[in-house]
Every structure is written in structure tokens, then in C-alpha cells.
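Please take these sequences and the hints and turn them into a complete structure.
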Amino acid sequence: MHHGTSLMRNIIAALLVCGAAVPAFAQDVSGARDASGKFTAALSSGDAQAAAAYLTDDAVALPPGRAPINGKAEIQRFLGNMTHAVKNLKYTSEDVKAIDDNTVREVGTFAFKMRDKDIDGKYLLVWTKVGSDWKVAADMWNRSSTGGGKAGRGGRQGGGAGKGGDDAE
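Taking mature numbering (1 follows the signal peptide of the UniProt record, and there is no 0), I'd label the letters of the sequence shown as residues -26 to -1, 1 to 143.
The set of hints was computed from the structure by calculation and includes no laboratory data. Every value quoted in this text rests on a predicted model; they were computed, and no experiment measured them. Warning: the hint list may mix true and false statements.
[Claimed, not checked] Quick list of in silico lysine-lysine cross-link-like pairs, PhoX-like style, CA-CA up to 20 Å:
id: 1; residue 1: 103; residue 2: 46
id: 2; residue 1: 12; residue 2: 91
id: 3; residue 1: 96; residue 2: 64
id: 4; residue 1: 103; residue 2: 61
id: 5; residue 1: 103; residue 2: 12
id: 6; residue 1: 96; residue 2: 71
id: 7; residue 1: 12; residue 2: 96
id: 8; residue 1: 64; residue 2: 103
id: 9; residue 1: 91; residue 2: 61
id: 10; residue 1: 71; residue 2: 103
id: 11; residue 1: 12; residue 2: 61
id: 12; residue 1: 87; residue 2: 103
id: 13; residue 1: 12; residue 2: 46
id: 14; residue 1: 12; residue 2: 64
id: 15; residue 1: 64; residue 2: 87
[As the list claims (entries may be wrong)] Quick list of the computed label-pair ranges, beta carbon to beta carbon:
id: 16; residue 1: 67; residue 2: 92; range: 29 to 35 Å
id: 17; residue 1: 92; residue 2: 54; range: 22 to 28 Å
id: 18; residue 1: 51; residue 2: 4; range: 28 to 34 Å
id: 19; residue 1: 7; residue 2: 40; range: 16 to 22 Å
id: 20; residue 1: 55; residue 2: 75; range: 31 to 37 Å
id: 21; residue 1: 31; residue 2: 64; range: 26 to 32 Å
id: 22; residue 1: 12; residue 2: 44; range: 37 to 43 Å
id: 23; residue 1: 83; residue 2: 3; range: 24 to 30 Å
Backbone N, C-alpha and C define an ideal beta-carbon position, used for all residues, glycine too.
Written as C-alpha cells, this is what we have:
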């Protein structure tokens, strides 16, 4: 009997520990979602400096058809060059998933108008926790539409960290 009681206590303790971890994980995803909303708002408004505040210092942007853009300063410069061409930028975050306590991946779609052409596509962001803040460590995007013009992640102001129009591809 004593063995059965001890086993039951261990099972209950394990369930309590596992149950307690779930809300913290959910809270982390929520924090990344909040940061993503602010990042997207900055991109949509064409504010490259505000968007760059959501990048890690060593972030990498992977625009379609271009070499990677490394580092916060270079990505900010890229975004600043793209903002004039992108209009009506809209982002839709479709799936946000915690990879571990400090890493979240976000998948979504974007749409915008550039030079009177409608552009749409998809993006992938990797968020990492820096202190208590969520920051973009990697941003990759490409277009879904086949007609029209070229698109970068035109989505996130051209797309996530490296939003862009023709020059972003």
C-alpha cells in the first residue's frame, strides 16, 4: 500500500510540475506576438528605425534573390531604402510556435502595393528573447503571386526585417 501511495504522489507531483510550465510557455508566445505586432506596425508605417529596435544586433534578413543582409544597422538601411515604394502593407500572422523558452518561430503572409502592382507573399520570423524583450534574429520572405512585379517580403514593409520591393528580391 505504501508503495502505491508513493507512486501516486510522484505522478501527481509530475503532473503539477508539467501543468505549471504550460502557462509560462504560453506567456512567452504571447510576448513574441505582442512584439511582432509592434514590429509590423513600425514596418507598415515605414519607420525603419522603430522596426530595427525589434532586431537583434546580429539579425539576418534573407530577401528573395539577394545575398543575406547581416546585422541590425544593415537591415535598417535596407528597410529605409524600401519604405518609399511600398504602400498599404498588411501582415497576417498565421502560426506562432514556441521552439523553446527563448525561441519562437512565426509564419505568416503579407500583401502590399508597389508601383501600382499588388504583391503578396509569405514570411518566416525567428524571435529570440534578449533579456526580457523579444527580438527578431532571422527574417525570411518571398512572394506568392506570380504576376505583377517583383516583391521582397514586401510584406513586412517589404517583409519582416528585410522588407522590400523590387530591390528586396
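Hints, verified against the model:
no., hint, in the structure
1, 103 - 46, "16 Å, holds"
2, 12 - 91, "26 Å, violated"
3, 96 - 64, "11 Å, holds"
4, 103 - 61, "31 Å, violated"
5, 103 - 12, "15 Å, holds"
6, 96 - 71, "16 Å, holds"
7, 12 - 96, "18 Å, holds"
8, 64 - 103, "25 Å, violated"
9, 91 - 61, "10 Å, holds"
10, 71 - 103, "14 Å, holds"
11, 12 - 61, "18 Å, holds"
12, 87 - 103, "32 Å, violated"
13, 12 - 46, "17 Å, holds"
14, 12 - 64, "13 Å, holds"
15, 64 - 87, "10 Å, holds"
16, 67 - 92: 29 to 35 Å, "20 Å, violated"
17, 92 - 54: 22 to 28 Å, "23 Å, holds"
18, 51 - 4: 28 to 34 Å, "31 Å, holds"
19, 7 - 40: 16 to 22 Å, "28 Å, violated"
20, 55 - 75: 31 to 37 Å, "36 Å, holds"
21, 31 - 64: 26 to 32 Å, "29 Å, holds"
22, 12 - 44: 37 to 43 Å, "23 Å, violated"
23, 83 - 3: 24 to 30 Å, "19 Å, violated"
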